[in-house]
Amino acid sequence: MTIAGWRVPMMASLLVWLVLWEIVGRTGAVFLIPPVTGIVEAGIRLVQTGTWQQATFDTLRSYGLGMALAIGIGVPLGVLMGRSKPADKLLGMWVNLFVSAPLSALVPVLMILFGIGEKTVVATVFLFAVWIIALDTRAGILHVPKSLEEMGRSYLASPVQLYGKIILWAALPEILAGIRLGLIRGVKGVVIGQLLVSILGYGALFELYSRSFDMEHFWAITFMLFAAAMLLSSIVEAFEKRIEYYAGAR
Amino acid sequence: MTAMADTATLTRPAGPAAAAKPDAAVSVRGICKTYTDVEALRGIDLDIERGKLTTLLGPSGCGKTTLLKIIAGLIDQTSGEVLVNGRAVRGPGPERAFVFQDFALLPWATVMRNVAFGLELRGASKTEREEKARHYIAEVGLAGFEDKYPHELSGGMRQRVGLARALAVDADVLMLDEPFSAVDEQTRRKFQEDLIRLREVEKKTFLFVTHSIEEAVYVSDRIVLLSRRPGRISEIIEPKVDHRASPDEIRRDPHYLDTVESIWQGLRNYVE
Ligand SMILES: Nc1ncnc2c1ncn2[C@@H]1O[C@H](COP(=O)(O)OP(=O)(O)OP(=O)(O)O)[C@@H](O)[C@H]1O
Ligand SMILES: [Mg+2]
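Read top to bottom, the protein sequences are chains H and A.
Reminder that position 104 of the first sequence reads as 104 in my numbering, one-by-one numbering, no gaps.
Reminder that position 246 of the second sequence reads as 246 in my numbering, one-by-one numbering, no gaps.
Honestly, the hints are just simulated from the structure, not real lab data.
Because the structure is a prediction, the values reported are computed rather than measured.
Among these hints, one or two may not hold up.
Said to hold, decoys possible - 20 Å max Cα-Cα, derived EDC-like pairs, lysine to aspartate or glutamate: (1) K190(A) to E202(A); (2) K165(H) to D147(A); (3) K146(H) to E202(A); (4) K241(H) to E152(A).
To be verified - Simulated DEER-style distance windows between Cβ atoms: (5) D194(A) to E240(H): 36 to 44 Å; (6) G43(A) to P76(H): 39 to 47 Å; (7) P247(A) to D88(H): 49 to 57 Å.
We put the CB at the ideal spot given by N, CA and C, even for glycine.
Please work from the sequences and hints to get the whole structure.
This is how it looks when you write it as structure tokens:
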């Protein structure tokens with residue numbers, strides 16, 4: 001960004017917005033917008049409380065469990081679809097449907113199935129993340145050159161070697177891209193799941209603060225979530241770049 | 001012997017050594033192959049002599065790759081059988097190695113690991129396979145490139161890696177499907193000379209597919225001409241090129257040029 005010929009770094013524009021926010025907040029004109037300094041103070045106080053630490057722990061646990069399930073099931077599902085035509089025909093319809101469906105609508109159903117608690121949140125994370133992982137894995141498997149597989153067979157690779165030393169590696173760039181998108185969708189899943197369940201983790205905090213109109217705390221955890229999602233996505237992106245050198249050379 | 005009689009041998013009559021029953025490394029018996037609706041091969045009978053370089057030559061789509069992959073055990077024939085060292089082929093085996101047209105290297109592995117990959121799959125220890133791989137990397141002229149990745153090499157060098165990988169597993173029969181089609185003409189000539197030298201050093205049976213008549217005549221002990229689809233054997237030619245002469249002498253030799261010309265005439269009959 002440049003203003004009157006001056007290059008303005010990204011952080012500077014953020015600073016402008018924060019200053020603007022602070023001014024509006026100080027006037028007290030808009031009840032929903034407390035001063036930034038107040039939010040930061042609230043945030044610092046918040047992270048020292050046991051409630052916040054417990055909520056963070058619960059959230060991370062649900063997220064971690066849901067993502068582990070999504071990767072553990074999504075990757076094999078994608079491999080199966082990429083390798084077997086009948087399986088692809090049978091499952092493809094559903095996976096394509098779910099990958100673009102408004103899944104939030106299904107969370108109440110999950111609550112009936114799994115009860116109001118962690119299981120539902122884990123299931124929501126799983127449901128949000130698994131389809132894109134399966135689809136991208138399938139695409140990666142279909143991209144593996146036929147001759148690479150023939151090479152494996154002609155040099156007597158066992159089925160385990162064929163997958164473990166050739167096929168999965170050749171499909172790795174797409175699999176990782178799917179996992180990155182899945183991780184981001186999973187964050188949405190954990191937030192939506194917890195909000196609807198609303199007795200767990202950040203969902204319970206959101207519920208508490210919005211009901212008592214405690215806007216400083218409300219904004220503090222909102223910002224924390226945004227920052228966490230961005231951090232996560234950039235970590236996976238950095239990892240993807242490192243293996244891109246061979247994806248390009250394929 | 002009847003097969004030999006109607007074989008057009010262009011050159012000197014066979015000497016007493018050739019009169020003895022040749023030792024066939026690979027015997028192809030009545031191979032037919034029909035893909036869902038395409039008849040690719042019809043009734044192929046062929047003995048591939050041990051220690052010789054045999055070339056499959058024919059128009060595009062006549063089933064050369066199909067025949068080679070059936071012998072490699074990579075695809076199943078519709079009928080007929082293939083014997084390698086007298087045993088029927090039921091899939092890939094350790095006595096056969098394949099060099100792929102598109103190299104089929106692992107892009108995430110170094111030259112060293114690629115060349116040693118066949119041995120790695122067989123469970124050879126790291127020191128053992130790297131020692132062997134190092135030997136063959138040098139043999140194909142890539143010493144010093146052990147730690148490079150395929151994308152850092154030229155097309156010609158990549159195919160050398162593919163060749164070294166096939167040599168490293170110490171198979172009896174080496175199958176090469178148009179290995180030089182993706183490399184430039186100069187590299188290709190160098191390759192052809194290397195192939196002739198390798199054949200003499202390694203004492204293996206080479207089965208080679210090419211589109212190029214000159215290449216076939218230059219490198220082969222025996223050329224199997226396939227007809228247009230469905231592929232059948234139309235002629236078997238033994239060029240008898242004297243490889244002790246220098247490459248340039250060979251390429252100017254009237255006998256070499258005549259052989260190339262007569263194959264051309266033969267192919268033209270059914271190209272037109
Ligand atoms: N998997 C397949 N399914 C259907 N038809 C096939 C398949 N593979 C090859 N064919 C057909 O069989 C015929 C022989 O193919 P093949 O690849 O063996 O020919 P080729 O002699 O190697 O040709 P080229 O010189 O172009 O490499 C071709 O007409 C091809 O279209
Ligand atoms: Mg071919």
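Cross-check of the supplied hints:
Proposed proximity of K190(A) and E202(A) is supported: the alpha carbons are some 18 Å apart, at most 20 Å. A C-alpha spacing of about 19 Å is found between K165(H) and D147(A), which places the hinted pair at or below 20 Å, so the restraint holds. The straight-line distance between the Cα atoms of K146(H) and E202(A) is roughly 29 Å, outside the 20 Å bound, and the hint therefore fails. As the CA atoms of K241(H) and E152(A) are separated by approximately 18 Å, the hinted pair is consistent with the 20 Å bound.
The given range of 36 to 44 Å is respected by D194(A) and E240(H), whose C-beta atoms sit roughly 40 Å from each other. Taken as a hint, the range 39 to 47 Å holds for the pair G43(A) and P76(H), whose Cβ atoms sit roughly 44 Å apart. The given range of 49 to 57 Å is respected by P247(A) and D88(H), whose C-beta atoms sit roughly 52 Å from each other.
Violated hint: 3 only; the structure is consistent with all others.
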